[in-house]
Amino acid sequence: MSSEEEPAGKREERKSAKKKTRGKNEKLLESLKSIKSREGVIGYILRTSDSASIDMKDPTKIIDYAVLSSTALEAGEDLSKTFELGEIQNVLLKGKDAKILSLKIEDQHLSIFMEKNVDHEKIYKELNI
Amino acid sequence: MSKDQYATALETTLKEIKNICRGIKSSFIFTKDGEIVAGDSEASDTIKKALHSFQNIREKAEAIGGIHEFYVDGSEGNIQISQVNEMYLATAMSENADTKHLQTITGVIVPTILKLLKDIVRAPTPLKAVPSQQLTVEKVTGFFVSDSAEVDQTILTEWSKFFKGKTIDAVEIQAPNGKTTRCKVKAIEDKRLKEKSLIRIPEKRLQMLKVREEEVVRVKPITP
Numbered sequence: 001m002s003s004e005e006e007p008a009g010k011r012e013e014r015k016s017a018k019k020k021t022r023g024k025n026e027k028l029l030e031s032l033k034s035i036k037s038r039e040g041v042i043g044y045i046l047r048t049s050d051s052a053s054i055d056m057k058d059p060t061k062i063i064d065y066a067v068l069s070s071t072a073l074e075a076g077e078d079l080s081k082t083f084e085l086g087e088i089q090n091v092l093l094k095g096k097d098a099k100i101l102s103l104k105i106e107d108q109h110l111s112i113f114m115e116k117n118v119d120h121e122k123i124y125k126e127l128n129i
Numbered sequence: 130m131s132k133d134q135y136a137t138a139l140e141t142t143l144k145e146i147k148n149i150c151r152g153i154k155s156s157f158i159f160t161k162d163g164e165i166v167a168g169d170s171e172a173s174d175t176i177k178k179a180l181h182s183f184q185n186i187r188e189k190a191e192a193i194g195g196i197h198e199f200y201v202d203g204s205e206g207n208i209q210i211s212q213v214n215e216m217y218l219a220t221a222m223s224e225n226a227d228t229k230h231l232q233t234i235t236g237v238i239v240p241t242i243l244k245l246l247k248d249i250v251r252a253p254t255p256l257k258a259v260p261s262q263q264l265t266v267e268k269v270t271g272f273f274v275s276d277s278a279e280v281d282q283t284i285l286t287e288w289s290k291f292f293k294g295k296t297i298d299a300v301e302i303q304a305p306n307g308k309t310t311r312c313k314v315k316a317i318e319d320k321r322l323k324e325k326s327l328i329r330i331p332e333k334r335l336q337m338l339k340v341r342e343e344e345v346v347r348v349k350p351i352t353p
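If you read the sequences in order, they're chains A and B. Heads up, the first sequence is in the working numbering, so the first residue is 1 and it goes up one at a time. Heads up, the second sequence is in the working numbering, so the first residue is 130 and it goes up one at a time.
No wet-lab data here; the hints were simulated from the structure. Nothing here was measured: the structure is a model prediction, and the numbers come from that model. Note that the Cβ used here is the ideal one computed from N, Cα and C, for glycine as well. There's no promise every hint is true.
Reference excerpt, derived from the structure (chain B facing chain A, CB under 8 Å, subset only) [said to hold, decoys possible]:
| id | residue |
| --- | --- |
| 1 | Thr160 |
| 2 | Phe199 |
| 3 | Glu205 |
| 4 | Gly206 |
| 5 | Ile208 |
This is chain A alone, in the form it adopts within the complex (with noise of 0.2 Å):
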């Protein structure tokens, strides 16, 4: 059956599928949006398999940011594996001078960047996930 003669019942279940994932995405970048805006916060990395958003203070420091939060992505997954922690929640990694919390959404990968003082975990809730 080639996609033309597809029943229309799965083709509407497929549509509404891909407005469901739209309107998920819409509202994560709107809450991204209030969270970028609050005071500490540094910037955040919304990385799918092939694209990208990026909203940073300082674009300088978008390189160092992305291979950092996505090597402590791979290192948190490896951990898992080894110690059996099962799926990923999040990944939270602190510095002297700032911290970033990266999680998996689905096929997308977010990281966040705030200052050392900022509450994670009240940003971590602020995304609903």
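Chain A is already provided as a structure; the job is to place chain B on it using the hints.
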């Protein structure tokens, strides 16, 4: 105090913590170089592999001022790696563990014990002091260049004596600016370059270290 006594003291501490805090799956203490000093679980290859991933972040964490804490929250448990004095304490917990309680206990007990042991030993770490070498950099370029550094065979032999004759296959290189990197190492093959206190480093690594040719770097072996 010997290295064994030091490790035993730390292992006992970890065991006692495990006795009072339910839900600890595994805990261990390791150095900044990724060497496990003490642990209630065997330093298996998988843990070593996981530590290698952690070392990867450490190399890139300058952007946030180094790593003070790394926390992974999973659906069936979590792991926390915290910097304690000059070492890291890793604690893997099950889902139902009281994380806050555990953090309070480890945050008080482990640093105290480490400080105490440090005072007894009167040295930063009880690990075997392997002499680092100051070597002059020579750049290695080319299309098929491997990622290994090259040092004189005599240095490798000298280092291996500190590890019961084990082969040294990796080193840590520290640049004058404080940047460090780890890479594989092999002996210099070119006869003309032997015994000249040289270290041949691939160009990419040099860029990472922000070091130029003929600068002097500090090189030490990584425990095989």
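A quick look at each hint next to the structure:
1. A hinted interface residue such as Thr160 of chain B counts as satisfied when its beta carbon comes closer than 8 Å to some beta carbon of chain A; here the least separation is about 17 Å, so the hint is violated.
2. A cut of 8 Å between beta carbons decides the hint on Phe199 of chain B: the least distance to chain A is about 5 Å, and the hint holds.
3. The beta carbon of Glu205 of chain B is positioned within 8 Å of a beta carbon in chain A (closest approach about 3 Å), and the interface hint is therefore held.
4. Hint status for Gly206 of chain B: holds, given a least beta-carbon distance of 4 Å to chain A, under 8 Å.
5. This hint holds: Ile208 of chain B has a C-beta 5 Å from the nearest C-beta of chain A, less than the 8 Å allowed.
Comparing the model with each numbered hint stated earlier shows that hint 1 is the single one that does not hold.
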